[in-house]
Amino acid sequence: MKQFIFFIIFSFTLVVQASESPSAKQLLQNMATAVHQRNFDASFVVMKEKGMEPYRWLHGLHNGQELELLSLLNGAGLEIVRVDNKVTYFEPQSAPYSIQTNSITGPIPEVLFKDISVLNKGYDFVLGGKGRIAGRPAQLVRLESKDSNKYNYWLWIDTDSSLLLKAAYVNQAGELLEQLQLTHISVSPEPGEQLLELLSKSFPEARKLENNTPPTLNNSNWQIEWLPDGFTLLKADRHKLDLNNELADYYLFSDGLVEFSVFVQRPLAGKRPSGALSSGATTVYVHNSGAFDVSVVGKIPPQTAKSIAESVKRAL
Amino acid sequence: MTQANKAENKQTSTSEIFDGEFALTDATLSQLDDEKFSRYAMIGDAMRAKAGGDITIDITASITAALADEPCHDVKGIEEAKTNPKNSNVVSISNWKKPFSQIAIAASVALVAVLGVNTMQQSPVVSDDLPVLQSIPVAGGVAPVSFSSEGTALQSAQQGVRALQQQRIGALVLEHQRQSRMAQALHEVKSEQEQESKDPN
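Chain order of the listed sequences is G and D.
Position 85 of the first sequence, counted from 1, bears residue number 149 in our numbering, the numbering being contiguous throughout.
Position 110 of the second sequence, counted from 1, bears residue number 112 in our numbering, the numbering being contiguous throughout.
Rather than coming from a laboratory, the hints here were simulated on the basis of the structure.
Don't take each hint at face value.
[Stated by the list, open to error] Mimicking DSS-like on lysine-lysine, the simulated pairs with C-alpha atoms at most 27 Å apart in a straight line are:
| no. | chain 1 | residue 1 | chain 2 | residue 2 |
| --- | --- | --- | --- | --- |
| 1 | D | Lys192 | G | Lys210 |
| 2 | G | Lys304 | D | Lys192 |
| 3 | D | Lys192 | G | Lys299 |
| 4 | G | Lys377 | D | Lys192 |
| 5 | G | Lys272 | G | Lys304 |
| 6 | D | Lys192 | G | Lys150 |
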């Protein structure tokens with residue numbers, strides 16, 4: 065009998081807690097839905113320690129078809145167009161190409177527009193304080209890494225429209241390394257004309273992803289002995305890099321939120337000590353191990369990149 | 003004013019009233035021509051360059067009347083003609099992008115340059131046990147020549163290595179960016195496969 069009363073009280077408190085305010089996860093799910101369903105026209109900037117990049121971001125839903133346009137406004141530019149499940153990248157250096165996927169890879173981690181439950185393993189979802197961002201009331205949601213090998217990701221979500229207003233990569237010391245801030249957003253009942261124009265254009269055929277066998281490290285030339293928890297291998301191959309035509313053994317890892325790449329290449333001539341470079345949250349770690357060079361690139365802390373690079377050994 | 007002018011009497015008096023040469027009495031006002039008066043006023047304003055948006059000529063009635071008789075234009079045809087050049091798909095987009103390609107290569111170099119400079123700025127942030135490429139050829143490129151006490155031959159050799167390594171880092175960053183675009187799709191494929199391999203058991 066006592067147990068039964070306890071159970072009732074317990075479940076009652078759960079209900080009360082749930083009704084008080086939406087949980088961090090619920091807010092993120094609402095955001096993912098809003099980003100796919102609303103018609104909006106937004107401008108945002110990505111700020112690193114030095115320099116910033118301005119973007120324009122349009123999204124619309126027209127006759128059940130999603131239309132999205134993201135463009136980098138400075139320099140040579142970069143234009144990414146999405147019509148439903150086809151994302152096309154227009155880059156100045158190369159011919160446009162399409163990928164079969166339902167979200168654009170831009171400055172905002174894609175997983176936030178999708179099913180965030182894949183992040184449960186590596187991150188805690190924490191509700192933060194309220195504030196005012198871009199003239200709107202905002203609620204902070206923090207994705208806190210469960211270990212110190214990754215950065216945290218903080219998001220400020222519009223409490224009215226559930227749209228993203230601000231986001232930042234934050235290191236373990238609580239410093240904001242790379243921030244994304246909306247400067248303007250307007251939500252309209254109909255998609256913008258610029259988006260409807262996309263319907264009359266044709267885009268390159270989407271690349272088929274080879275999904276025959278999952279990549280493994282077993283047969284590869286190199287053994288990567290240490291990896292941060294939660295990261296899995298997505299791709300392993302050998303190919304030439306676009307810019308300088310150098311051959312590299314290539315590995316791509318992801319934990320669902322961020323990715324990093326490992327390149328193993330022939331060493332460059334001359335004495336070059338190993339070291340890290342960083343721009344915003346992106347780290348480039350170059351490790352010179354004598355017979356070969358290992359480079360790690362990704363939005364991970366320099367210390368993590370260093371450990372990965374140094375753990376690469378020739379497979380025997 | 004003479005007898006001979008009597009026929010133009012009304013016009014003259016309107017003009018005179020307007021110029022203030024005629025005392026305003028009931029008698030003179032009855033001679034005033036309303037339409038002419040407002041026209042004179044407008045001419046005066048225009049000559050004094052007061053015009054701007056002040057002049058209002060109500061022609062809506064006449065336009066409406068004129069429009070009623072106009073044949074309907076083929077609106078569809080006009081719109082098609084307008085959109086046709088844009089309509090031409092991918093090729094036109096890449097053509098439109100072409101002028102930028104020169105800047106693009108410069109931009110990728112700039113990215114590396116920014117990376118290099120950032121390292122210098124950032125060095126205090128990174129923990130002590132982690133070597134930072136500050137004094138190193140990679141970050142190099144930015145280091146003033148006078149900093150080095152080495153011989154010039156060694157210097158130019160190092161600069162060659164620097165250029166190569168800078169180029170390589172630029173290529174790595176770009177490659178990572180490109181490969182990341184595939185990551186989410188690959189991740190989904192992989193988790194689907196894992197699901198499938200679990201399900202039969």
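With a cut-off of 27 Å on the C-alpha distance, tell me whether Lys304 of chain G and Lys192 of chain D pass. Holds - the C-alpha atoms of Lys192 of chain D and Lys304 of chain G are around 25 Å apart, at most 27 Å.
Assess, step by step, whether the Cα of Lys192 of chain D is no farther than 27 Å from the Cα of Lys299 of chain G, and give holds or violated. Distance ~10 Å between Lys192 of chain D and Lys299 of chain G Cα, so the pair holds.
Would you check the hint for Lys272 of chain G and Lys304 of chain G, treating anything up to 27 Å between C-alpha atoms as holding? Between Lys272 of chain G and Lys304 of chain G the Cα gap is close to 20 Å, so the pair holds against 27 Å.
With the threshold set at 27 Å, check whether the alpha-carbon distance from Lys377 of chain G to Lys192 of chain D stays at or below it. holds, 26 Å
Next pair to validate is Lys192 of chain D with Lys210 of chain G; report whether the Cα-Cα distance is within 27 Å. holds, 23 Å
Given the proposed pairing of Lys192 of chain D with Lys150 of chain G, does the C-alpha separation stay at or below 27 Å? The given pair, whose Cα atoms are some 19 Å apart, holds under the 27 Å limit.
Violated hints: none; the structure is consistent with every hint.
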